[in-house]
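Build out the structure end to end from the sequences listed, making use of the hints.
Chains as they are written, first to last, in the numbering used here: chain A, 1 to 491; chain B, 492 to 982; chain C, 983 to 1473; chain D, 1474 to 1964.
This list has only true hints and no planted wrong ones.
Just a few of them, taken from the derived set where beta-carbon distance is under 10 Å, the chain A residues facing chain C:
(1) Gly24
(2) Asp157
(3) Val189
(4) Ala375
(5) Gly391
(6) Glu434
(7) Gly448
Hint data in this document are derived by calculation from the structure and do not stem from the laboratory.
Small disclaimer: the values here were computed from a predicted structure and weren't measured.
Where is the CB? At the ideal position from N, CA and C, for every residue including glycine.
If you want the building blocks of each chain, they are given just below.
There are 4 protein chains.
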Amino acid sequence: MAIRTYEQYKQSLKEMRPNVYKFGELVNDVTTHPATKRTVEGHGQIYKLQNDPEFRDLMTTHSNLVNEPVSRYLSIIQSSEDQIANSRMKRLMFQKTGTCTGGRCAGWTALNAMWATTFDMDADLGTDYHKRFVEWLKSAQRRDITISGALTDPKGDRTKAPHQQDDPDMNLRMIELRDNGIVVRGAKVMICGVAAANEIFILPGSAYREEDKAYSISFVVPKDIDGLTIVETRHINDDREVDEGSGWDVPVSEGGITQAYLFFEDVFVPMERVFMCGEWKYTMSTIMNFILPYRSAIGGCVAGQGDIKIGSALLTSRANGLADKVFSEKITQMAINNETTFAVGIAAAALGKKHRSGVWQPDPLLANVNKVHVATLPYETSRLAQDIAGGIGETGCMPSSTDFNDPKYGHLIQKYMKAAKSAESRVKAARMVEWSTAGAGVPGCMHGGGSPDGARMFVRKFYDSDKSVDMAKRLARIEEEMPDPGRKPKS
Amino acid sequence: MAIRTYEQYKQSLKEMRPNVYKFGELVNDVTTHPATKRTVEGHGQIYKLQNDPEFRDLMTTHSNLVNEPVSRYLSIIQSSEDQIANSRMKRLMFQKTGTCTGGRCAGWTALNAMWATTFDMDADLGTDYHKRFVEWLKSAQRRDITISGALTDPKGDRTKAPHQQDDPDMNLRMIELRDNGIVVRGAKVMICGVAAANEIFILPGSAYREEDKAYSISFVVPKDIDGLTIVETRHINDDREVDEGSGWDVPVSEGGITQAYLFFEDVFVPMERVFMCGEWKYTMSTIMNFILPYRSAIGGCVAGQGDIKIGSALLTSRANGLADKVFSEKITQMAINNETTFAVGIAAAALGKKHRSGVWQPDPLLANVNKVHVATLPYETSRLAQDIAGGIGETGCMPSSTDFNDPKYGHLIQKYMKAAKSAESRVKAARMVEWSTAGAGVPGCMHGGGSPDGARMFVRKFYDSDKSVDMAKRLARIEEEMPDPGRKPKS
Amino acid sequence: MAIRTYEQYKQSLKEMRPNVYKFGELVNDVTTHPATKRTVEGHGQIYKLQNDPEFRDLMTTHSNLVNEPVSRYLSIIQSSEDQIANSRMKRLMFQKTGTCTGGRCAGWTALNAMWATTFDMDADLGTDYHKRFVEWLKSAQRRDITISGALTDPKGDRTKAPHQQDDPDMNLRMIELRDNGIVVRGAKVMICGVAAANEIFILPGSAYREEDKAYSISFVVPKDIDGLTIVETRHINDDREVDEGSGWDVPVSEGGITQAYLFFEDVFVPMERVFMCGEWKYTMSTIMNFILPYRSAIGGCVAGQGDIKIGSALLTSRANGLADKVFSEKITQMAINNETTFAVGIAAAALGKKHRSGVWQPDPLLANVNKVHVATLPYETSRLAQDIAGGIGETGCMPSSTDFNDPKYGHLIQKYMKAAKSAESRVKAARMVEWSTAGAGVPGCMHGGGSPDGARMFVRKFYDSDKSVDMAKRLARIEEEMPDPGRKPKS
Amino acid sequence: MAIRTYEQYKQSLKEMRPNVYKFGELVNDVTTHPATKRTVEGHGQIYKLQNDPEFRDLMTTHSNLVNEPVSRYLSIIQSSEDQIANSRMKRLMFQKTGTCTGGRCAGWTALNAMWATTFDMDADLGTDYHKRFVEWLKSAQRRDITISGALTDPKGDRTKAPHQQDDPDMNLRMIELRDNGIVVRGAKVMICGVAAANEIFILPGSAYREEDKAYSISFVVPKDIDGLTIVETRHINDDREVDEGSGWDVPVSEGGITQAYLFFEDVFVPMERVFMCGEWKYTMSTIMNFILPYRSAIGGCVAGQGDIKIGSALLTSRANGLADKVFSEKITQMAINNETTFAVGIAAAALGKKHRSGVWQPDPLLANVNKVHVATLPYETSRLAQDIAGGIGETGCMPSSTDFNDPKYGHLIQKYMKAAKSAESRVKAARMVEWSTAGAGVPGCMHGGGSPDGARMFVRKFYDSDKSVDMAKRLARIEEEMPDPGRKPKS
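Quick look at the structure:
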């Protein structure tokens, strides 16, 4: 049975070796530790929803590999409908958790990328990566595990290639190739949702040249593999999360983000879990295979969070006694922003193409256009949410819940926080605005999945401006040759 | 044979009764008169392309009604693929003509709208509108005619309903119902591409109430029907078009827009061409049936024109000797604008639904989001094109082609207009920038198909903010009821 | 001697009665308690700078009242030069502290507002408010005190006037008028810099009508007056501030914001400190007298913080090894944003007018235009800073300083955080980006000094569109009368 | 008497040698020829206003050179008040003419630039340029002449310096130096208001190096000097202007722009009118001396035109029966745009400095920030004007005035153009929107006075980002040196 329950999922996390640290402390149980439990609950909702008749069709899909329903997060995306469902599901999960369930989407995207890349390598090079990969994927589907994905390397000096760095470990690398596996050293950084994951899927962090062959590696490991140390990063207001007395100052209990630094100290990975191992020529296409679905679907993510921003802002204004229609222009603009990122991703899906391996790949131009919008529009949406909510939403400018309940002066806060609705509802609503626009719920979508400048570069690359020049030239009846003066003539 | 040739199309226009006026003069032959010939040539390209193997699949589709290929512009849109092809075809036509071939798209959209509305009326009311309509459509497909669509009424005082106007003719109305037809009086204004059309499809201009029953009419007439007088409007630089000496100051010969005022002086329309006749309850859905495909596909239109703006701007900068890469940021932003309107329309198509009549209807929220983008993004694209092109592109700041060729001082202009490319190519390129961003090629897309404020109103309506409030409320664990204070409680 | 030293200032705070609370705890000494010491240090820099020859001319000015140099923050603004110095000084203080020293600017603005209002009341009503006010101001200048300003009332249900609220205390009010003073009850909320202040200057929070006479009050009290309880609000990442182990996770030690809720439980204010007491007709002009200098100078504030955002972003990119020129476009846009808010404020000052009391009042149209920019442009500047800084700056996505120094795995973090510069410098730089764009340094400038919608309303009011209509009408030679149809004709 | 009347001005133009051409035809009298009379009338209003008591103080100023009042357009700007008056006067002239009176502002700016540059040259080099210049200026003030300014050269291939061009005439150059004067050859292009000018002031078009010494020239000539041929450029809808039957399709009679190409075919300039002649080292400062006042004051220009856009849009909506308040948000945004460009220019003036020659020079950073806004904000203002005005304003989508008055069908147009106001008023109002946002009134402000990219480059240069880095570094307590990796270390 490939569909686990919420309880089974949490139990599987409890059984893992503790190797996650935060604030100088080992997290013994990620499902109960305050630094990690909210993200686990957020991911846990996925397991709840896939067992809920209302959402089952969206959250699961039939797998030909194991011939039963599996989590969509473990499926191969084979059609535009599948990719559209990706956007929809991510929007739903942001609506349900208020934020990112990052321990699934990068992993899912990574496995779709490597489905294509391993297929190509086997076809071109006669390797058996794809076969290994299929076996692992079947097992993953049957176990219904949560898999986070890891690409980003520390990188060191940005002007130097991996092999040119003073410290060769600044990008994750294979330091030894054995018959039965490889040994890797280095780190992956800013990795989402690791605390909530069962396994971690590793991709090369960039497109590499031959000199960086040792960095051209892909594999998957259990999160608690020997030699792997995980340190969670700070995020905004994360102290509130670890302080059990914060009350509703952390307004959301069923959602939360974590991002981790993963340190690989000579970790051995058995060969059946290795999917690239020096084939540097395939790193560029791996990156592209990853970027296309990722940058398309991320528009659904920020749309879903934008929905929550709208909802939170209106809760606050309603608590203040103000009618929704006072803010019609702002809500409309926020809706336009949400739907724009959502829609451009849907369009990228609709105009995609099937890779020879069977994976559906969104349109590269539109996928990258979407990424640019994802890196800008949510900022305006947040600003508008704060505008509607007023000063208490903008920076959460209210006494803490501890003060709210203080026996000496709490009654004063309660008296004066009341408006058209109770003080408690009003404070909770404003904390939701703070949380989703300037607090712990902000998912860092600008650089997630690559920088906006990288996306702009791809937009420029995939937009065929020479074709536009030719069309304009024809229309204007210009007969002279008009090549780009910046392009070297071919000889 | 339902696919006419370019020559057949032009011949059909020549054979019509002249009833189009401009500058106080009757246009005897729209295919040769300088005020109308460019738009005819633009529309003529459609006939060329549907006979061109490269474009045939996009420009035509199989019709079940007549069981042969027909122009896509005369087809019923039955799937998301059909609607996506709509966007693609419109983008192509803007690329081929540099501007709007408005004598087809509103007509096409109107017939798709009335397909659904007549179906609904027949189903609900037992009328036979749909049957009539199908018969007419078969004939239209077989004749492969060009049909412009007309919605906008003069409207008079905007604060009054049609029947409240001092002059009841301010909206087109039925003044007599006969057994065999109706007599109509009034006007439709700002109608695109009438000069290039064979027939004109009329829809009600707004959603009406019972008092405005007489205004709730839809029908189709030959352009040259008795009692119909057509006056073309001015548009930017239209004098250049009628001045045969303008040379390349009108850079485009195979494209051009016209917009006309149509005056109906008690025109008799036979019943087999009447598709609504007093059923005011169906005017609102008619408008929506029109808006959905129209506002989705218009994103393709402005994307296609945006392609031409990019091409024209780069032709100018190349003529100045500058490499394309100097303008990378600007081209990227222009491309993002183009692809955004295109993509949101594609997404509206992909997320659409099938009406019970078989028509595919795009998603109403995304269709209207697209309309808002269409009313804003092309302005930025134009500004950027002018920025790249420099002062000569911004306002076309160059001597006229007459002066360029002047025997006394033309050689001075030619000497000094030369840069990295010939003076002539440079001038033509800059004129293309002027034409497409501030000249006769500007299609008036802001109000075409309704105002941006109307679209914003629909976005607000179709975005379910109460659902967002509920989701945020659940996340924040607010238990109090939080209704919109501006909404009356239901009793 | 009217210019105190840093030490004298801090000593004065130490000597006050403790009445500030946070997290359920009384702050015994605001100069040392971690919740308040940073803002005290920020304000303390003002005292350092006014004794520093480089900055003395900007920070101080000659007072005619006491005939010696006084802090500019205690001076009457008498010329456009004075108002321009206001903008400059605020920009400087943001540059020096990275954030708001809010315990001075609202107080300064309030005393300038009441200088004018008391002058008007005395002139019109024969009261002696201005005389009292002058005496108090002389004393304040001689003592060189820090004065925060308080306007915002809790307000309760936004659709009701103060006297209509269920609880009449929702706006601060006079509950008793005695011969020698008044007794006040209610609260002021979200008040900046109270912890660092010696006194608090109270203004009415809105323009009131006669029914709200009791709410029309202005006075000044020592911060530690009997009956006043102060509760500090949470702000972003404030737990880090109270956690002494946070290290550089709070990157700034000489700056910080606090915002407090002030609860007045029947506080007696002696008459010599009361400057308005029921004169509701003067509440509107009081608000305007406040808004004009405040909304002009706030452009300097956000410009100064924008400078720090640019600096922090470039520190991070330099640490990554990247040349500044990679980000030229972004830095240019950030600079444009900074200079725009700064400049519009300067222009408001330059085009101001002298009130009959001698106070210089900036142009009301430009002051409010500036407020709109202040509520929007800094958001773009923050986004661009995060864009330049990368993922570690966007959400501060790095392990905590505790983890950085952890004996077990700190060395791994240090190894991998290193880039072109040391790990420590890189982390500190990225923390500065986080702090100033998404952390504790964000000053909440959108609603500070009123909402952007309020400012937009004033822009509409002060922009004379009828004059524009008349000019256009003359140019177009329209002879018909063209009044606004929405305006009732005067009878 | 240094203040001429409108009649005297027009008479002075009539007396000049005709050397202006358009459409292959010599303009015999610029005051009556339809291609030039509107710009002459626009400039003529300046002479009317300087004799009007209401405007005299703004339009004139006292000259120390001739010790009497002179036109402000011929004065030396000596204080921030003078520069602020510059902005105000330009805003006024746009309000009075609806567009640019370009025959004065560039000339005025040029003479202020050369006041400083000649002063510097004389001081540094011992030349007597400044003395000559003063003599000429006295004469110009006494004669109260209109002087257009000319900088822009044809430039040829943009990647090559003047001396590297295939044709050395692509930039205006001295081909002979005689004892009593110089002989110049080449062209200046896109020069505003030449038709309305008495003299033309020439500046070098760029900063030059030694190899381009011959291009480093400045002088002033009568417009009708021998060897100078002037060809007017096309602008939008200029055919309407030369067609006497256009009626109100050219809505404005007292304003209009012309831009000309000036061809110098070996023109002799007497030495007393030569102000630079090979001193290439002073070309860079000449450009800067020009840019500073020009880019500051141009914010007033576009603000004035923005006022007319607001007025025209509201005239149209009022004619439609709609209340102004329907468009409050849009009007507010348009006002913000207007006031922003106006204000940033005012601030540049206020923060300026006195050059040693006595000229007041605006702040270079703010002047260039303003230019960027001038190149963008008016586009949004135009879009909003079109949005308010509806389809008839967007592209002027109405029959021509000829058709409006047609004996056969004109009554139909008149019947249906009527709304809440007469058809004629409504059409005129909409034509004003068209004229000012997409027609002949558009002044080409994006590249006037240099490109926006040039301005952005200067913003980057004048914004001291290293200072911002130092401030951030101090705040973050970073101790490592953090230089820009892209900057070569000084050795």
